[in-house]
Structure formats: structure tokens, C-alpha cells
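Engineer: Knowing the structure of chain A, use the given hints to seat chains B, C, D, E and F on it.
Number of protein chains: 6
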Amino acid sequence: MSDVDVVAESIESMKVRGARDIAIAAAEALRDLVKEGANLTELKIAGEKLKAARPSAISLPNAVDYCIYLSEGNEVMPPEQFKEKTVSDIESYLTELNTSLERIAKVGAELIKDGETVMTHCQSDTVASIFRKAYDDGKKIKVLATEARPRHQGHLTAKILAEYGIPVTLIIDSAAHYMMKKLRVDKVFFGADTVTVDGDLVNKIGSSQIALAAKHLDIPVLVAAESLKFNPRSIFGRDVEIEMRDPKEVAEIPGVEILNPAFDVTESEYIDMIITEDGVMPPAAAYSLLREKYGWEILK
Amino acid sequence: MSDVDVVAESIESMKVRGARDIAIAAAEALRDLVKEGANLTELKIAGEKLKAARPSAISLPNAVDYCIYLSEGNEVMPPEQFKEKTVSDIESYLTELNTSLERIAKVGAELIKDGETVMTHCQSDTVASIFRKAYDDGKKIKVLATEARPRHQGHLTAKILAEYGIPVTLIIDSAAHYMMKKLRVDKVFFGADTVTVDGDLVNKIGSSQIALAAKHLDIPVLVAAESLKFNPRSIFGRDVEIEMRDPKEVAEIPGVEILNPAFDVTESEYIDMIITEDGVMPPAAAYSLLREKYGWEILK
Amino acid sequence: MSDVDVVAESIESMKVRGARDIAIAAAEALRDLVKEGANLTELKIAGEKLKAARPSAISLPNAVDYCIYLSEGNEVMPPEQFKEKTVSDIESYLTELNTSLERIAKVGAELIKDGETVMTHCQSDTVASIFRKAYDDGKKIKVLATEARPRHQGHLTAKILAEYGIPVTLIIDSAAHYMMKKLRVDKVFFGADTVTVDGDLVNKIGSSQIALAAKHLDIPVLVAAESLKFNPRSIFGRDVEIEMRDPKEVAEIPGVEILNPAFDVTESEYIDMIITEDGVMPPAAAYSLLREKYGWEILK
Amino acid sequence: MSDVDVVAESIESMKVRGARDIAIAAAEALRDLVKEGANLTELKIAGEKLKAARPSAISLPNAVDYCIYLSEGNEVMPPEQFKEKTVSDIESYLTELNTSLERIAKVGAELIKDGETVMTHCQSDTVASIFRKAYDDGKKIKVLATEARPRHQGHLTAKILAEYGIPVTLIIDSAAHYMMKKLRVDKVFFGADTVTVDGDLVNKIGSSQIALAAKHLDIPVLVAAESLKFNPRSIFGRDVEIEMRDPKEVAEIPGVEILNPAFDVTESEYIDMIITEDGVMPPAAAYSLLREKYGWEILK
Amino acid sequence: MSDVDVVAESIESMKVRGARDIAIAAAEALRDLVKEGANLTELKIAGEKLKAARPSAISLPNAVDYCIYLSEGNEVMPPEQFKEKTVSDIESYLTELNTSLERIAKVGAELIKDGETVMTHCQSDTVASIFRKAYDDGKKIKVLATEARPRHQGHLTAKILAEYGIPVTLIIDSAAHYMMKKLRVDKVFFGADTVTVDGDLVNKIGSSQIALAAKHLDIPVLVAAESLKFNPRSIFGRDVEIEMRDPKEVAEIPGVEILNPAFDVTESEYIDMIITEDGVMPPAAAYSLLREKYGWEILK
Amino acid sequence: MSDVDVVAESIESMKVRGARDIAIAAAEALRDLVKEGANLTELKIAGEKLKAARPSAISLPNAVDYCIYLSEGNEVMPPEQFKEKTVSDIESYLTELNTSLERIAKVGAELIKDGETVMTHCQSDTVASIFRKAYDDGKKIKVLATEARPRHQGHLTAKILAEYGIPVTLIIDSAAHYMMKKLRVDKVFFGADTVTVDGDLVNKIGSSQIALAAKHLDIPVLVAAESLKFNPRSIFGRDVEIEMRDPKEVAEIPGVEILNPAFDVTESEYIDMIITEDGVMPPAAAYSLLREKYGWEILK
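Residue numbers (my numbering), protein chains in the order written: chain A, 411 to 710; chain B, 411 to 710; chain C, 411 to 710; chain D, 411 to 710; chain E, 411 to 710; chain F, 411 to 710.
With the rest of the complex left out, here is chain A (with noise of 0.2 Å):
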């Protein structure tokens, strides 16, 4: 068996799992394959079936796609030189899918100034970084969080704020409009599962909500997102499939139809900018990144 048919036995088996650690596995069995030799055909073929153990996590082809975008630039070297190269800048995508966290903290609590009151919705490692590094900046910040029926993320989120030594105020989630409001928020921070090309935002259900809230009150909307979370494959963020889950989760009451979706779609004009490791950037241009990251082909 092979390394690149145990990473995607690793992927598809979710002994591997979250965005960033899906992409890193994936890349590194590529990188190793071409170590070991592989031309671009043996390269694509490793490709296809690392993406096939996980179709729906949008950071695996991302990542294997670029990989092999990498490799194609070298195709015209002399194998070694081939393999040399190849290696290298694979080695340097890595290096950024490593440090992509730091970098989006980093950027993101520049746009937090002293004094403000920020606000989130439900469970996000890279927007509680970001919350984190402005605190470590020694910046005086409050979160607003909200609580995100029907699992409570957001308890988790206050939870661990609070520990950091931020001042955290939980509400429900119907109190969003309301609070922002009389607490005068100064940003929302949202993280993100996908964006698609024209720059709309699919993440956890209620978002879409509050970004409408915020709109309203002339409060930035900031989404924070690696751009292995840019789908180049993904037009609207309106015919992007929601799953649902199960109904027992919020409630089992007889002749009660009850559904759960799990995320919905904020349209990219109610997004301000969207942090990425390569920089904070408007949503209009989630297309130039797609383009710069996959090149015009990706997006036929």
C-alpha cells in the first residue's frame, strides 16, 4: 500500500480531519510521491484518487489541484530538476498551509483598534486567534458571542474567551439585531466552511442573519478564511447544497416536522473584506484569487 493510499484511507476513514490537516496530508503524500520519482502523469492519477477519499471537503482538492498546478509549471525541466523544484515548492505551499493560522491572527488583529467591542457567531478557531492576538497586542476588546442553537458552540466560545481573560457577553441568537445595537458593536467576525467565486459566504446557519442585522446598522462584516476555503468550483453561494442534519438535535415532538440545516448563505454584499494568509482582500476579489492560486483553466 502506498503513502498516497494510506493518506486517503486517513482522509476518507476521518482519522484526518479539519480543513488545514486534510490539505497538509494531502501534500505531503505528493510531495513524498515525487521524491520518490513520480512524473506529472503519476502525480495526477495520486491526485485523482487523494480527492475522490473526501469529495465534499473543499480543502482537499484545493489543495491537490495546486499541487499539481505547481508541478505543471516545472513539467519542461529535466527530471531531476523536475523533482528538485517540484519539491521545493511544494515544500513552501506547506510551509504556508502551516503558518496560515499565525498569519490570518496576525492580519486580523490589526483591524481590531483598542476599546472596540467586537462580536461572533458560534465556534471558530481562526476568528478566536484573532481575538486572542489583539488581546496579546494588548488591546481592551469585548466579544459579543452568541450561543448558536441547536449544539451551543458559542458556550465553548465564551468559555474559552473568558479563560484568555477577554470580557465575554453571550446572548441567544435571537438577540443578535437587538444587541448589536444597544452594545454598539464596532465588527463582526465571521469564519467561514466555503467561499465561492463571486465572493458569498457559506458557514454556520444564523450568519446570514446577523450579517443582515449588521448591514443594517452600518457595522463591517469581516470573514476570516484560508484561502484553501475559496471553492473555485462554487458560482453562488445560492445553489451551493445545504446539509441537513438531524432533526433530533433541536427538538422530537409528534406530527412536528423539524428541519436542521447546518449553514446558510451570507451574499458577498454583506461581507466587507475577507482575511486570508495572503492578506485582507474585498470579496469581489475571491475571483482574482482564485485565478492568481488556479489559473484561468480552474474556473472553465
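FYI, nobody ran anything at the bench for these hints, they're computed from the structure.
Check each hint, because a few of them may be wrong.
Identical copies carry no separate label here, and so any pair may be met within one copy or between two of them.
To be verified - The calculated BS3-like cross-link candidates involving lysine-lysine, where the alpha carbons are at most 30 Å apart (straight line), are:
(1) Lys459 - Lys523
(2) Lys461 - Lys549
(3) Lys658 - Lys569
(4) Lys516 - Lys591
Structural biologist: Same frame as chain A, but now just chains B, C, D, E and F:
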């Protein structure tokens, strides 16, 4: 101890509660006083006593002031005629109070067309009456209900309507925007805690977010509110003081502040029509209704 | 066969048509009945008979209900006085009906300033009267007229106004937005099929698109509508059932479905003022007009 | 008479027409000139001659300028290598031109989901190709088509699609807003006459009204436009001079001025995405596409 | 020379000025005429004479027409009773005129909450009264005042309020938007030159820009206007002719045209409520107020 | 004392001022250093020294960073080639700096059509150059200029343009909205203090109000800004610290606080296009311009 004292005490001790029941008790007490021969001055003194019993319930001063207003209209009459006419006027008002729920149900149900999907938030007897009436009229309707954290009164709404035979879908509060779009909701119905002079609505926390989403999706928002709920002393919804309930209803997390507002404010521009026992009116007519019912003076 | 039967038959057979003529015929029949000594009960029976003659013409129930409403106001009088006062009240109403077109023309013309370019869609006698009155008052106006597919009634509008001496420009319906901007139209005037309780307008198909464009270009939209056109039983324009006309008016293409709606709905937020025989009012006052003319009851 | 002269003449006399065919003819003429050994200066002279043949067709200068741009990239090479590389570059561009329609059809069809109702205005081969591709891919789509007065090209659109087996509904242009709402259109597709630097669309008269209505109803508007249609010299749609066609196409009415604009302008904020042979992009990326294809210089 | 002639002369020569003082003088002249035994016809003649004295001051025809309107209500009475009742009615109106400023101050002050920052533009006695009343009521308010070029009446506003003890911040007119946001203004208060039938406000030049900014920032705009300022003959603000003042107030620069408009128009959709001596009402109620005060006829 | 020290001192002491002159001086100093054989490390040290001379002038770090960026591109070359290529690169940049004003004037003038009325606020050499170029090109333009309290630089703008022969109308700042509508302004042109990464504009106090009014009236807003004015370190306009100038420029009133902000922020959604020496671009492209000029790194 006079009847008025007894009634005032019942209201204060919450033996009598609910907007309509409080209004009826107060009006009956004043009617009885007139029957016993009280003049206008005595009525006013009794009215003040009643109003002091529960200052925060808007239906109480509304009912008392309206009875006084009716009495003033008869002021120039000789005592016997004053008594007779005033008792008759207050009786008419009592009839109106007693039948208002039924009338709102009838008017509201006419606004629902066969085959429509309607949505509501939290639990409102008035809205439930409208849905039942539409169903009784033979219309095939579907209801989308939110659960209404933290106390989940929406579960009760769903249960009651489902038992009545109406198809109900229950969702978490955060899913309102997404599911309204997906299920193509035709109309949103809210009950009311208070309607202000400029037509703003104070209602269960979360209402304003749903109204923002409805506006975004071009779905009409209808408010079912007896005229008792209109507050002539409250001009802007934004100036209304919102009650903060026990944080423990939400959660208990060491080091985390929890805020639990009971209501929020939906601005009149997000409301299409208000259904009262006196007919359906645009929110801009709240002012006219108050003028007509209570005269110029009450707004000064 | 009574007079009422004759009139009902004339309305049913469309010998009498046009919103105003139908209303006049019905009011005259009821007035004659009162002259012959009919009491309120008999009047109501006759009214129901008349209303049944053409249920879809809103001016018919409006006129009948208004005559009944006037009669009810005299109910407490002795028979002879009832007859005299009711006949007089209905006569006043008839005078109002007979002069309403002229009054709307006068009021509407005052809203046009010398040198302005006004626009209209399709063909409306009421709007044409306003333009002619402004022209007769010595104002140099220009008219932009759409042709109104499929039957091109706008060609008639253009022809009539041009013959009257008013400079007219005719365009296809699709050019409305572009030409409104290019010719810097000052005001748009629509006639009305129906005005609903919340001030929505049901009018010739295409009106709503022109209103959207006018709003986008900050051009006021004015509706000329006798109070007869206000429908107390229709709350929302969006709930009005729109008549589908013969597809052959549009085209015949094998295998292609052709739909030919006669009207569309312009929501009240796209209308600035409504010109009635009772003066100029904002759409939010449609409710008040109906209340004032027909009382609370009619809206319940 | 050189090849370039022949081609210029063919374009001028309209023997060659259609945006793509003109571009291909011009590019082929320039390629042949390079094959014959022309240097950059000679190419530029030939390019100016070609561009003069039909100054109003934006695809002509776009194609010529792009070929010159490609040639300039090879300027530093020795003559033989210049010839070889430049011929090869222009051949690639010709391949792109020849396959662009097919590529747009493929990309556009991916934006249509099974079961959706799509709408178009007037007649566009590009849009028709997209609909046919979606149908060929097995998607059950419905098409709503406007007739497009005055020449009713929409009848042709309806006929062609119906014969292909796609269910089509045809309406008059004025019914666009009402029927989009009633039939719950999912997406609107337009072709393009020109796309400007700021992403505005110049297209068949009536497009802008449909786009206003689509925005009002939250329906995405998609423009299918080869990059040839992007005009680097036209910044704002509002500054584009619109051609007025023969008034007799509309009607002839004595004393009535008839204006018959061929196109109108849809501002970029009413457009969601533009589908080009290079992928799907937001209108704000029109600027980047032009930059990338034609360099900084062309925008100065 | 009759009293009416004397009063007319005083108004014409501007011995009497200010909206309220003119109205009082005219009403007193008519009351005296009734006392002397004038009948309705004579009153109307006198009314026309008074109105001719200063046609541009809206309070003059408003006051005269209202007195005539009151007189007409008593027309059917025998002469002596007519005199007595009409004098009494006009006296009541005079009382209302004399106390209106105080009543507006009281109502307006109730709209300011303790601790709020309020903003005003230029100089208005009515608005200053509201601020002083709020201050007298013990509320800690702050005032943001614009200077109101070219005559800097805002300096006077600032001076007067500061001397009264109210903290005032003065800014240039251009800083309104920026400082409203920075200082988190809670409410904007304007006086009024005229209010039109559709609720538009004609007020000091610059008001409309502040209202645009307030809307953008979700800050309520309140207009303090006695009902005398409502103009039943002016439908749209946009049709009101604006006075151009002496350019030298601004500057003198050779070769440069200087335009110095005195007022501008704030459209009703930018106004939240109007504070009158009859209570607080939405701008859409301007029509109802005019109807109620002056009857249907005045709007025809 | 080295050249770099001299230049730094000149900038610090404001002997050298103006965004462009500062940039040129810094770039020349660095070029000379390269000529003298400095390596990259030495260049970076010199760059930091220069940047410290006036930290608040965005053109200074922009010019220095860009020279460093150019140098880094040549880092791998042998010393002599590094010197030659880097000097040449910086020379090209200096040419660009020297010609940028002229190029902006040319591009900007092409955006003005014959017969248009254009508006500007305060005094900007760049905008004045555009107007003069349009006038020199034979276009009949009119200019509407605001006076720009408190220092009335707009008087200078008016004077200069009038002397050049261009018809100018001067108004007070408060009259902007009203006069833009009355005179039917076609386009608004602003200069720039700073453009942020998300395309917001920091410019003379009052600009944002004019932009709000322009948006309301559908008038395009164009910003003339050399790329030197783009600040890669400033993401949101709303986070920019605005300088407060001496209150005495406005007035001195005992007891009154006077605040005198120098600039305000116009959000990117109120800006149509930005005119740079590199062409015309939408504000969303500010990010791309910065990326292209300064690379990914600078935005991290």
C-alpha cells in the same frame, strides 16, 4: 373595600392577568361605579387608582383612559342620562373587548390564501387563532415556526397547531432567513407586546431579525394586535426600555456575562399591515387609531 | 320588473359599463327606490341584487355600500324625513360622481409645472384629462407615452394628445427606463384599475416596471383614481387575482405557451401621491379614505 | 491588393459580420502577414487599416490590439523566432476565438440547476447555446422569453428553443416583472452588445428594466459575453451613445414623434456575474480582464 | 380705515412678522369683525383682504382660512348665536396659537432621553425651546450645532444654549455627517419653514444633506412645526420655488457666478416624526392634519 | 552628512512638501545610493531613515517601499548588474511620478462629455488639471464649486477656473445637495488625501456628504488619485484617525466647544471610479493595484 379597590388589588397581585383580561376587569369596575352613581370626578379618581395597580401593562391605562374619554363625552348630560348613556357606552366597549380576538382571527384569516406557507415566531394566541381560522375556512396552509430560545415557546406553538391538523415545520431561530427563502414563505405573522405611535412593534426577542430577513426576501410582515396594545405615550420603538430577564434561562458559564433581553423592536418600515379588531391598517395609521380612540389630548 | 331589476340587468348585460357609469346607475336606482318609500331593509335587499349583477367591478359594491351607509345615518328619523334626507344625500353623492373626473383633472393639472415633461402608460381618460387641463391652463408640457403592447392603446393616447396640440413622444414599452432618463421626465401619471387598502395599485400590465424605473431615477409617480376605484376588500395588491387575456393577442407560435396578463401590481412604496376627487393624498391614506367613506365596519 | 486590404474591404462591406467572425478574419489576416515576414511596424500599420474598416464594432479593435500586444511580447526575439512564436501565439488566440462560444455554453450551463426556470430577453445565440447545453446535460429547465418589441426577435428565441424540446413561455415585454414573480424565475441571462470598463452592460433595449425588476425580486442576472465584447475605451455605460433606429419600426402616427433606441444600459450593480470564455467573473473584474488581456496602456 | 385694513397694512409693512404673530393678528382682526356683527360673506371679504397682505407667508392664509372654516360651521345658527359661538371658536384658536410654542416644547422634550446627544441646524426658536425644556426637566443633554453658512445663525444657537448651561459643540456645516457618526448623535431636530401635503419639509439650506446623513447612520430626524406651517396648497416639496438670496452674503469673486439658495427640501421619507402643538405625528399624517383642520375642500 | 540624511531633513522640516514632491525626493535619494554602490541591506536602512522623516505622509513610505520592492526583484543579480538594473528601474518610476499628474488629467478629461456640468469640493490641483484639460480639448463644461469652510479654498478653485475661461458657479457647502439637483450636475470629481485598501476615500471634510447626495441623485462620483495616495496599511476608511485642526479657524464663542475635523471618509460604495496614472478603476480594484504594485507581502 370598594369594587375598584378589589379589582386594583387583583391586578396588582396578578390574580388578573393578560392584556385583555386586565382591560375588561378595569372597564367593568368603572362601569359598576357609574351604575352606583359616580360622577366624572369620582370616576377619574378611581381610574388613577386602577392605573397605579400595574403601570407597566399598557392595556390598563388604555382601557381606563378610554372609559374616562367616553364619560367625558356625556359630561353635559343630566345625572340620570349621564349614568344611563355612560353605562351603555362602557358596555359597548366591553363587548368590543370580549369579541376582539375573534374579530382579529376573522380579519387575519382573510389575509391568508389557500395553499400559502405562513411563518410565526414564539407563541401568540392571537396569531394561532388566525391560523386556526384559516384552516377552519378550508384553506390548505403550512406553518413555519421558530422555537424561540431560551424558553422554546415555539415548541408549544408547533405542538398546538399540529394537533389541530395544520402541517407545521419547526426550526431553530437562526434558520429563519435561510428557511423562509427555501420554503418560499408567503407571509410572516407576529403578535405584539406593544405598538408605538409611529407604528413600531415591540415583540418577542428575535422578531426584528425575522422582519429584516422578510424585507430582504420581499415577504410581507403582518402584526396581529388589539388596539389595547397601542401605546399613546410611546413614540419611538427605539426609546422603549427593554426588560432583561434572568440570565440563567440562557446558561451559566463562569466569567461570562449573559444578557437575556425579553423583547426587541421592529421598526415600522419593516411592517406591512397591522391587524386589529377595527380592521387592517398600515403602521403609519397607528397614530390615527390612537387619535380617533383617545383624542388629540392623549398625544400631547 | 322594478327599476332596480332593470338597472341590474343593464349592468349584467354590459349595456351600462365603465366604473363611473355603473356607479351612477346603481345610485340612481337606489335613490328612486327611496323616493318610492322604501325603508332601509328594502334598500339593503335591492343593494344586494345590484351588487350581484357584476361582482368583479369594484365601483358597483362601492357605490351601493356607500348609499346604504348614507341611509343608515338617517335610520333614526321618522319615515318622511328619512326619505327626504336620504334622497338628498344620494343626490349629493351623484353630483360628486358626475363631477369627479373634472375635479381630478383640475387637481392633477396643478401638480404639473410649466415646461415639465410628463409620462404615462397605456390609455387613461382620467390622465388624459389632467394633461389637457394643464395644457388648457397655458402650461407648455411634453408627454412621453408608451405604446402598451399587445393592443397598443398608447398609440391612441399619443394620437389624441397630439391632435389636442400637446407635443407627444411615443416609445416602445421596453424603452421606458432609458427614455425617462434621457428625456429627463419630471413626473409619471398612471390611471387605476383598483387601489387596495394598503395603497397598492392594480393597473395596466407594465405599470410596475415603469414605477421601479421611476423610483430608481427619483421621478415621482402619481396615480389618478376616483375614490370609486378603492377596494375596501382588497388589502394587498400582491393577493389580487390578475386576469389572463387571450394569448392570441400576443402571438401564436406552435409549441410555445403564451401568457398575457392584463394588469400588474405597483406596490405603494413606489407611488408618491394618489389624486382623487377628494384631493391629493399619499398611498398610506387609502386606508383613511376608505374608513372615512365607508366606516370601520367595511374594513372588518 | 494585399490580404489585409481584402479583409478590411470584406469587413467594411459587411461581407464579414458578427462580433466573432470579424475578430477571426482580422486575426487571420495579421497572422498571415507575420508568416510573410512582416515586422512589428508593418503589423501595426496593417492593424490600423483593419481597425478603420468598421470603427463601431468593438470586437475589431479588440482583436487587432490583442494581436499587436502578443507581437510586442516577442519583439526582442530574432526575426525567425519572432515569426514562429508570433504565428503560434495568434493561432492560440484564434483557437480561443473559435471555441469561445462552446466554452461559454459549457460554463453557463453549469450555472443552471435541474428544475430551474430561466429568463432571457430578445435573441442571443450565446444565451440560446447555454440553454441548449443545460438541456443536453439532462436538466429539466423552463424558459421565460420576452418578445422584444419592435422586431419581436424573442418570438424566434421561443420558436428555436421550443423546437429543441425546451418548454418555453412567451410574454410581452411589459409583463417581465409580473411574470418573473409569478413563475418564480431562478435566473436571468442576457447576451451583450458591449461591456464597459466598470462592468456596465449595453444590451437590447429593455434589458435594464428587467434587471431592475430582477434586483427587486432577488433574482440573479447573468451576462454571457465573450471577452471580445469588453470595451477598454468605454468607462461608463451611461456615457455610451445609443443608436436610434428607424421610428417606422414602431409606428407612424401623424404629429407624434417616435423614438426607437436600439439598446439601453444596465449598470454593473444590477449584474451578478459575467460568463466569458475565460470563466465566470463579477462585473467589478471587467477592469482586471481588460488589464490582463490588453495591459495597462490601453486604459490610459 | 377698518381694523382689518390696519392689520393688513401692518402685515404688509412687516410691522407684524413671524409666522405665529401674523396668524394671531389676522385671527384677532376677524374675531373683532364678528364681534361687530359681520356675517359670513363680510368675513370672507375681509379674509381675502388680509391674505393679500403677504401672500408668501403660509401662516397668514392658514389662519384666515381656519377662522372662515370655523365660522362656516356656525352658518346655520341665528345671528346672535352665530356671533357668540364664532367669537368663542376663534378665541379658542387664539389660545391654541398663543400656547403652541410651549406645547411643542413640552412634547418635543419628552422625545429626548437623559444623556442623549441631539443635533440641530441653523437657528430655530422652536427647537431651542425643546432643548431648554429637556434641560429644565433635568436631563443631561449635549447639543451638536452647525454654524449655518452664510450668516452663521448657528453661532447664535450655540451661544444661547451654552449660556443656558447646556453643553454645546459647534461644527462647520460640512462636518455634519462625520461628527454625527463620531459623537454618536441620538436624534436630529429641525425647525420648519413649510411642511407640504405629502410631509416634505422646506427648511434652512443644508437640512436635506443632514437628513441624508442621518438616514445613512440610522439616526431619527424630528421636525418641530406648528400646524400653521403646514401648507395645504403645496403638495410636493420638490415643486416649491426656493428663494435665492443676495450672492454677496457668500462672496464676491470677479467672473464667478454665486448662487445663494435660502432653503432646501427634505423629502418625507427622511423624516421620522413631526412635532406639532397637536401631538407627534408621522409625515404621512400631514395630509390628515390638513384634512382635519381645513376640511376636504382646501385640498381640492 | 549623506544625501539620504539631507533629503530626510528636508522632508522633516517641510522644505520638501506635497505628496508627489516628497516621493520624488525619496526615490532620487535611494537611486543615488544605488549608484554609489549600496547593496539591498544598506538601501533598506536608508529607506527606514527616510520613512521616519514624516510618518503621516502616505506617499513617503509608498515611494520608499516601492523602490525597495524594485531592488529586491534584482537581488539575485551580480553587483554591477544589480546597480545598473535597479537605477534603471527607479528612473522609470521617477518618470512615472513626474508624468502622473499629466496622465491623470488626460484620462480624467476623457470622462467629461461636451456640455456637461461637473462639480468639485474644496481645492485639488489634480481635479483642476482635469477640468482645464477638458476645456483645452474644446469641451463646453460648467463647474459647480463649493466654498469649503472654514478656509474657503473653494473660492480659489472658482477664481482659478474662471480666470482660465471656464464658467463657474460657487455655492456654500450646505447647498451642495440642492444645487446638484437644480443644476443637474453630471459628475462629481474629488481629489484624495488617502485611498484605503477597500477603496474608501479620505478627503477634505464635507466630501462624504456630497457623495451621499450624489448617490441619492444617481450622479457618478469620480476620485482623482495618483497611486501614491493608496495606503496599503489602511484597510477601512472608518478606522483612519482624522486630524482635528485649530478651532479658531471656525469661530471663538465663550463656553462653546468647537471641533474642526480636517477630513472625512467616503465609503467605497459611494465612489464609482478612481482615476490614477495607471488608468481608471473601480474602488474594489484598489486592492489589486496595491497587490500589483507592492506584492502580496505588503498587505500581510
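Engineer: Determine for every hint whether it applies to the structure shown.
Structural biologist: Now for the hints, and whether the structure bears them out:
Taking the closest pair of Cα atoms, Lys459 and Lys523 come within 30 Å of each other only across two copies (27 Å); inside a single copy the shortest separation is 46 Å, beyond that limit. In this assembly of identical chains, Lys461 and Lys549 lie within 30 Å of each other by CA distance solely across copies; the values are 26 Å between and 42 Å within a copy. For a Cα distance limit of 30 Å, the shortest separation of Lys658 from Lys569 qualifies both inside one copy, at 25 Å, and across copies, at 15 Å. Taking CA atoms no more than 30 Å apart as the test, Lys516 paired with Lys591 passes in both settings, with 28 Å inside one copy and 28 Å between copies.
The structure agrees with every numbered hint stated previously.
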